[in-house]
Each structure stands twice: as structure tokens, then as C-alpha cells.
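S.K.: Here the protein sequences line up with chains A and B, keeping their order.
For the first sequence, our numbering assigns the number 1 to the initial residue and increments by one for each residue that follows.
For the second sequence, our numbering assigns the number 1001 to the initial residue and increments by one for each residue that follows.
These are computed hints drawn from the structure, not numbers from a lab.
Hints may be right or wrong, so weigh each one.
[Claimed, not checked] Pairwise CB distance ranges (calculated):
| no. | chain 1 | residue 1 | chain 2 | residue 2 | range |
| --- | --- | --- | --- | --- | --- |
| 1 | B | 1025 | A | 766 | 45 to 53 Å |
| 2 | B | 1167 | A | 455 | 56 to 64 Å |
| 3 | B | 1021 | A | 455 | 24 to 32 Å |
| 4 | A | 763 | B | 1082 | 31 to 39 Å |
| 5 | B | 1148 | A | 766 | 27 to 35 Å |
| 6 | B | 1076 | A | 831 | 28 to 36 Å |
| 7 | A | 16 | B | 1208 | 52 to 60 Å |
Idealized CB from N, CA, C, for every residue including glycine.
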Amino acid sequence: MFTGTASKIAWRELRASPAKFLFVIVAVAVGVGALSGVKGFGSAFKGMLLRNAKQLIAADLQAQTYQNPSPEAVQKVERIGQRNGEVTRVTETISMAAAGRNRAPQMVSVKAVDPRVYPFYGNLTLEPNKPLKELLKIDTVVVSPELLLRMKAQPGDTLRLGGQDFRIAGTLVTEPDRLASGFGPGMRVLMTREGLARTGLIQFGSRAAQRFLFKLNPGVNLEEIKADLKASLPRVYLSDYREGDPAVSKSIDNSTTFLSLVSLIALIVGSLGVAMAMYSHLQQRMDTIAVMKAIGARANQVISIYLIQTLWLGIAGGLLGVAIGAAVQKSFPILIQRLFALLPEVAWDWSFSVQGMSVGVLATLLFTLPPLLSIRNVRPSLVFRRDMPDAAVNARKQWRNRLPAALLVAAMLGGWYGIAVWLSGSARMGFYFVAGLCVSVLLLAAVAALLLAVLRRVVRASGRSLPSSFRHGFANLYRPGNQARSVLVALGVGVMFTLTTYLLQTTVLREVTSEGPGRSGNLFLLDVRNLPEVTKLVEAQPGVAGKLQFVGYMVVRMIDKNGIPVERLQLTRQRRDQLQTVRITTAEGKPGSLAVQSGRWWNASSNKMQLAISEDAIRWFHLKLGDVVHFQVAGKDETARVVAVFRRVARAPGMVRYDLVAPKNALAGLPVVYYGAVQVNPPSIPVVEEALFDRFPTVTVMDLADVLKRIQEAVDQVAVVIRFLAAFAILAGVIILSSSVAGTRYRRIREVAILKTLGATRRRITSIFSIEFSILGLVGGLVGGLLANFFTKIVAEKFIEATFEFDWFSLLLAMLGTALLANLAGWLASARILDQRPLEVLRGE
Amino acid sequence: MPTSTTQLYSVEVRDVSKTIQNATATVNILRDVAFRVPRGQFLAIMGASGSGKSTLLGLLAGLDTVTAGRIVLEGEDITDLKEDQLASLRGRKIGFVFQSYQLVPTLTAKENILLPAELTGLRGDWETRANELLERVGLSNRGHHYPIQLSGGEQQRVALARAFIIKPPILMADEPTGNLDSQNGQHVLDLLLQMNREEQTTLILVTHDRKLADYADRIITLRDGQVLSDELAARPVEV
């Protein structure tokens, strides 16, 4: 049987060029590794969530709300808990605190619990190792080690919080329900509920998460309890031990799908590299293929050699990828250990390894199909002369040739669709993925072709006025067998990915820096209640440039609309609940970001209670112009008529969201909470923070630089993954270029020999090739850069409501960087060509 | 033509033309070439560079397709055969010797010799046959060497052994001594002629070397793609 000989040839060819094939293996391995790592960890994480659901919410059942519940609601919930077992309440919020030698106040994440019962399940790791109820008293706190480090404090020191002093009784290393926390990770302060009450941090309208934890008696009806809780607490979010935390599970699913598809893109670009490497390899094996055909090998026999080779490479890459995937799985917990007390036990999961392997091998095969099938077209007459021109192919034959190509493309798209559906578990996602991929590649190919065509026309029109090196270098792009377009597509994809990530990142950061009330200020103030005094204090501080700008809001409970009680309005349950604690924003005149659609906005001086509503509010709450709304705020009854409907024409500054808007002066005497921004010289920021902290300890102050640092950290964690994959795409582009250059090696060797014979110096030949590589790099960078700017603009404006200006500098950088890389890759593949002696080459022809 | 007559001939070339279209013009490489080669005949095809002799050899072996005319090998019309059918026919009926040896670099000398037998899938004791051929070309101790480890003359002797492995009725050789020095060239030629006699093969040799052609039973000379002359050697042709 020929299979033995085919395997022999396949293996010996692999052994003969290890460096070339090592790339192929690495290309597949990186994609497979990313894929199996992400999938494996996602699954391990979900498994951990389910296995440890009780510890993760520290209870059998958790009811969480971001509204401050009324005393009646709390009573109802506590009665439900006591009827069915035990209940305890946990309150979380953010605030400013100061401790130790360094008196600068910093933002902390406060958590108030009943230490006698909290947590129902799971354990706290405390230093000293004592029960929580021994450490936590009304005047003590335990804090995270990070807080001690950043505030330069130590146990025993005093922590000032909400105008009160607390002794730091110990450190809190881990807490089981950190994942269920209402606020993100930060410096943790754990205290008693009585301690929190001392601070006065929680008032009407404060930002706080309330969690009721239940430890249930055996045999209770969980569904009944959940229904009772839903009826008792507005906008409550329930999770129990059977399902883990559905929101967390869903976000893990979403992240896993997103990262899987990003990994798949990396794998696709890698596979494209594999295909090009294979193409170049086959180009170099053309003689052997022709000889085998000449001595009786059928096309399928020859294809079998290279199919075996591809399969081995795919499997080797897959195996290495599975190993990388295992390492990725192992390293994920290290990345997130700060967030979770319980980390998933990452065990090797063969199903994801098999999935990764299969996808790797399939991806490799899909892309290598075209070069493999092109073996059928290798003419055995090549054994006589390589340069024999092809006989003209008539139109009918051309169509006959195109049919298999079309079928091949359809098979490849079908294959990619199948893989994407398999990975994402959604046919729709699979379709979008393949459609997006096709559009991107077609767009890249079209722009690249257009640019090359324009360049070609310019070069032709310039005639002999251009230096001959440039003309030759440019002509090389059109050398038979040169894969200029494929190289441009691959480089373009890589550049597009990298640059889009970078541009989106900078856009988000710029957006945060430029936004804020009034779009001016680097110090944000949250939960401001005593506005005139706070304003006076802040504006009197040294280093404060300009006025404090602020927006106010209050949380109201809607009673009825046009006399119909809220309970009887035809609204979804969620929207009805929302009306229990709906936010009304204040404004004097019409904010610049809004445009009135119908009705009339009030005069800036108006003190009459009235409302302007957004299109969203119309849709959500079924309000309309002329409706009379009756609501309650801080025990007072108010009535307002809807006088205007507006739509958003620009993004509102900072965290402001306008849905229901009332005149600022009409809210005088009501508990309005403000948040504001002010520009402060950076060195003076600690002074302003301290002054505010001393006089108004419940006001939370956010230094923009600090916020930016945190955002940067968060963005960086995601960006690092995408950047890695994008960098890999670029690497694949470089390898594709090298492979393409290597594929035309034979022709290059002859050209160099002829040019040398005719008197060309090494320097001249170097410049010809360098120009060729530079053009490829410049055009690849230009195409990728243009598309990156284009996609960033779309994403920025449609999804993150940010403005984006075309970034010329990034484009220039992309072009120059890619040109440099292209030269590097090109010369790596043609280094020895220059050393060939012309006579040797011409004689051996 | 009656079948019986056809079967007297190893090769029949009936008014064959080959035209190719390059970027600027149509080039007629061969025009109305016609001849028949009786079984066992040693035919030399001569001509200057560009006369079309290598193209003709390629067409005879089914390595390329004719533009017009027909080619019959061992009674089988190959003109309309598909690519794989041609490959299979070459495997069974034609042995090849090329100017530049054309051994598969990743196979050893013996593996190269065995390759046609493996490709055709014919049953037989090929190992013994390969060993015997290695001995006949004087390379019995070089069977496990790769082409790169052999000299030019040795490589061409391996190519000779490979050409004869399946005992093909027709052997085609394209300038088999063109890349060798005179001593090695003569050695390879002697071996070729000796093995050809022993195996009773029809031999078609393309060369521009008159001295080499003089060994042939018959010489066809091409000029500008047409047969200029078709001469028989003084000695009688065995049909």
C-alpha cells in the first residue's frame, strides 16, 4: 500500500524543515490553547459556582436590592425568614475613610453584618484567627490587607469613617460571598450593623446594596418563599443554592463565548498562516510532485502525502495547544484570586481538550484544503521545464474549474459556521461570526486590491521618472505565485485587531477623562446633601480652579397616574416595581444634551413641580404629555404634570441619566442628593479631600486619576487577552509573508542570479526587495489602520456612546510598524538568496 | 487501423500538434507530427534547443495534452484519458529517465526504486527485484543512502533502476547523460542500453547529442516543431 510510503515521505519532509513546521504547530497550538483554556476554565468556574453555591452567597437563599427598603418591607422580609429558618441582613456601600499615619482619605467598600450569625455558610479568614463576633463590636472594624497597605495602617489603629472612629481589630483575608457583593472589589471594611448606623452613611437615596440572607429549615417550600419575597421587596433579585448565582453564571457564559470567538479568530488567522506555509511548502515540492506524477502517482496519492502531513501538524499543534490550554486554565485563578475566596479547582477536562483538538485539526484542514487540492493542477510536464507557459484555458473549462473552487469556499464557510456554532452554542452567533468574518475579509481584500491597483496605475503613469529599484520592487508584487493579496489580508487582520483594541481602550479612557458634570473637573463628589455648604467649602480651598458643577436627583415612589394607582397600571412587573423607587433628576433650563420633541420646557427660574420625560420613560412607564403623576418623596406628597417629552441628542455628562426631569427650584426642601465635579490642581487634591472628609464625612470623593487607574486596570485585564491574540494575528501575518516569500524563492533566486549577472550590486538587489516588502507592509498597515479606525468609530458611537475622531497618528504608526515587520519577515525568508552564486543557479536551471 | 497492426507498435503518433497561448501570442510547438515506433525499437529524437523534442516526449508519456491529433501507446489511445488514468498508465507502461535524475529527495535509493511499484499497487516480490536492480547498476551497498548522499552518476543509475522496476514495455529518456561528465555519461549509457536489451523494452531517447543518437535503431530529427527527417540505422530493425 502507498500509505506507508506516503507517511514516510510526509515524516521525512517534516524532519527536514523543523523550523518551518514548528511555526505551523505553534500557530495551531496558540489558537487551540486559548480555546481549550477559556472553555475549560469557564466550565470549571461554573462547576465551582454550583458546587459551592451556599458558600458563595453565604446562605441558602439571598434577596438583594439596591433600594433602601422601607421599615415595613424589612419587617415583612424578616418575618418570612423567621417563619422558615433564620435571616440576617447585610448592607454594602462605598464611602471615604482615613487611617494610620497617612491621613489622606480613600474610598473603601463598607460591609455591615450581624457578626453573631454571618456567614450562614462558608468561612471568613481572619487575622487574628478568632470568631468574627469576638472581633467585631459597635466601635471596631476588620479590614482587608490592601487597606492596611495603602493607608499605611496596622491593626489597633483608628479608622475614621462617616465622621466616627473605629478601632481596626483585625484583617479580613477572604470572605466567602465576595462574588455576591453588590459593589466591586475594593478596600474592604467589615463592620457591625450598629457600627454602620453610627456613621449615618445610609440615608434616604444613598447608594447601597441590601442583602437578606436566609438559612432555611429542611423541607420548606423555596418557591413559595421566593414568591413572598418578590411581593415584599421592590426590585428584588433572588438567588438560591440550587442555581448558584444566575447573573454570575450568565456573565461567565457570555465571557466564555466572547473569548472563545476571539480565540477562534486567532485560530483562523493562525490557520491562514498554516495554509500559506503549506502553500509555500508545496511550491518548493513542485518538482517532487511532478516527478511522482510522471512515474505514475495519481493526484490522490500525492495529496495523501500532504494530507497526512497536515493532519500530523494539526494534531501536534492540537496536543501542544491542549498543554497550553491547561496552563491557561491554571493561570486564570491567579488572575482572579483577589476577587474570590473560593477558587475553582481546575482539573484537566478531556472534553474541552478533545473539542480544542478537533477544532484545531478541523481549522487546519479547512484552510489547507485549497493548497492541498491544488496539487491536482500540478502538471507532470514540469519535470522537463518549469517555465513552460500554461496552455490557454477556454471559457467553458474556466467555469468548470470555478465550480470546485466555489464548492470549496462553501465547504470552508460551512465548516467555520459549524465550529462557531459548536463553540458559542448558538446558531445565530455562528451566523453573525461567519458573516462578520466574511465581510471583514472581503472588505480587507477589496481595499487592499483597490490600493494596489491605484498604486500600479501611479507607477505605470510615472514611467521611467521613478527610480528603477522602486519600479522593480513594485513589479515584484505582481510576480506569478506572489501572494500579495493574501499577505495584505493577513497583515490587515492583525493590524486591525491590535489597533481597534488600542483605539477603543484610549477612547474609553478619554471619554472618562473628558466627561463629568459640565465636562470639567478631575474631582468627583458623590452623595452631596448639603449643597451650599459643600460648594462654599470646596470653592474656598487652595488649588480649586473654577466652580463646582453639580446635578441633583431624588428617589421618589410613584403613587398614581391620572388617578389610577400604580398597581393597576398595565405595566410589566419589573417596571411597576421600578416605580416604587424611581429617580427624578433636576435641571434648571433644558440640558444641552436633550432636544424637546413635544411640549415646552420650563423657564430656568420655574419653581412649579412639573416633569419632562424621555422617550424611554414613555415606553417603560406608558407616560405621555399631559399626564398627571402623583408621587411620594420623604413622606411628602407631590403632584406633577408632564409638560415636555425629550430625546437625547448627545451623551449626558458623567453618570447623569435623564429620564424623568423636574425643575431644580421646585424641589427646594426635598431630600435632593447631588453629585458634582470640580477642577483641582492635582497637588491640592489631598487637601480638598481632607477638608471635605473632616466636615462632610459622608460625601464620597473620587479622584479622577484614581478612577482612571482603576478603569485602566480593569480595561487592561481584558485588553491583555485581546492584545495577545491580536499580536498573534500579526505574527501569523508576518509568517504568512515569510511563507509567501519562501514560496517564490525559486523565482527570486533566478532573478537575483540574472540581476547579478547583469551587474546589479547586492545593495541594489537589497533595495529592490526592501521596497517590495515595504510596500506590502505600508499597504497592509494602511488597510488595517483604516478599518480599525472605521470599526472603532462604529463601536464607539453605537455601543459606548463615545465620540471618536480619526486617529491619524495611529494610522501612521501602524503603517511604519507593519512595514518594519514586513521587512523583517521578508528578509528572514530570503536571507540566503543573496549569497547564491549566479553561475551555480543559471547552470542548474 | 486493424488492431493486430496496432499491436505491432509500441507507440503511434498521429498528426499531433501542440499549441500554447502565452501573454502575447500563440506559439506552435509541434505541427502535424506523425510516426510509429515498433516494439523493442530504440528511437532517438534529435533537434536543436526549442525544436519541440522535450514537448513531444511529454506528450508521448501523457504528461501533457495534445492540441490536435492522437497518441496510442501499446494499443491504448491515451489522447482523451483523464489525468489519473494517464498517471496509472504511466505507472504500468512507462519507465522514465530524466536529465536531472529527479529522485524523490526524502526517499532512500532503494525506496526511490520501489516507488513506481508502490504507486501502481501491482503485486510482486519488489524487494528482490529492487535488490537485483541495485546490484545491476552497481549500487548494492548504497541502497540506504539518500539522493543527496550520492554523486550525479550514482543518482542517475538509481533513476535507471527505478525506470526498470516494473518491467515497463516502454522506456523514455530525456538527455539521460546531459548532466554527467563523459566517463559517468558513458557508464550510464552502457547500463541503459544493456538493461534495455535484457528487458526488451522500447526505448525513446531525446537528445541533441549526435554521438548518443548514433546508438539508436532510428533517428527522428525535429526542427521548429516538425519532423525534418526520419532515418533508420544501417543495421536491421528487429520488429
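S.K.: Given the hint of 56 to 64 Å, is the C-beta distance from residue 1167 (chain B) to residue 455 (chain A) inside that range or not?
M.R.: Given a distance of about 59 Å, which is inside 56 to 64 Å, the answer is holds.
S.K.: Is it true that residue 1021 (chain B) and residue 455 (chain A) lie within 24 to 32 Å of each other by Cβ?
M.R.: 29 Å, holds
S.K.: Given the hint of 28 to 36 Å, check if residue 1076 (chain B) and residue 831 (chain A) actually sit that far apart at their C-beta atoms.
M.R.: 50 Å, violated
S.K.: Taking the CB of residue 1148 (chain B) and the CB of residue 766 (chain A), does the distance hold inside 27 to 35 Å?
M.R.: Cβ of residue 1148 (chain B) to Cβ of residue 766 (chain A): about 30 Å, so the range 27 to 35 Å holds.
S.K.: Just to be sure I understand the hint, the distance between the Cβ atoms of residue 16 (chain A) and residue 1208 (chain B) should be within 52 to 60 Å; is that true here?
M.R.: 35 Å, violated
S.K.: Taking the beta carbons of residue 763 (chain A) and residue 1082 (chain B), is their distance inside 31 to 39 Å?
M.R.: Between residue 763 (chain A) and residue 1082 (chain B), where Cβ atoms are some 51 Å apart, the hint is violated.
S.K.: Can you tell me whether the CB distance of residue 1025 (chain B) to residue 766 (chain A) sits inside 45 to 53 Å?
M.R.: 36 Å, violated
The structure fails hints 1, 4, 6 and 7 (numbered hints given earlier, in ascending order).
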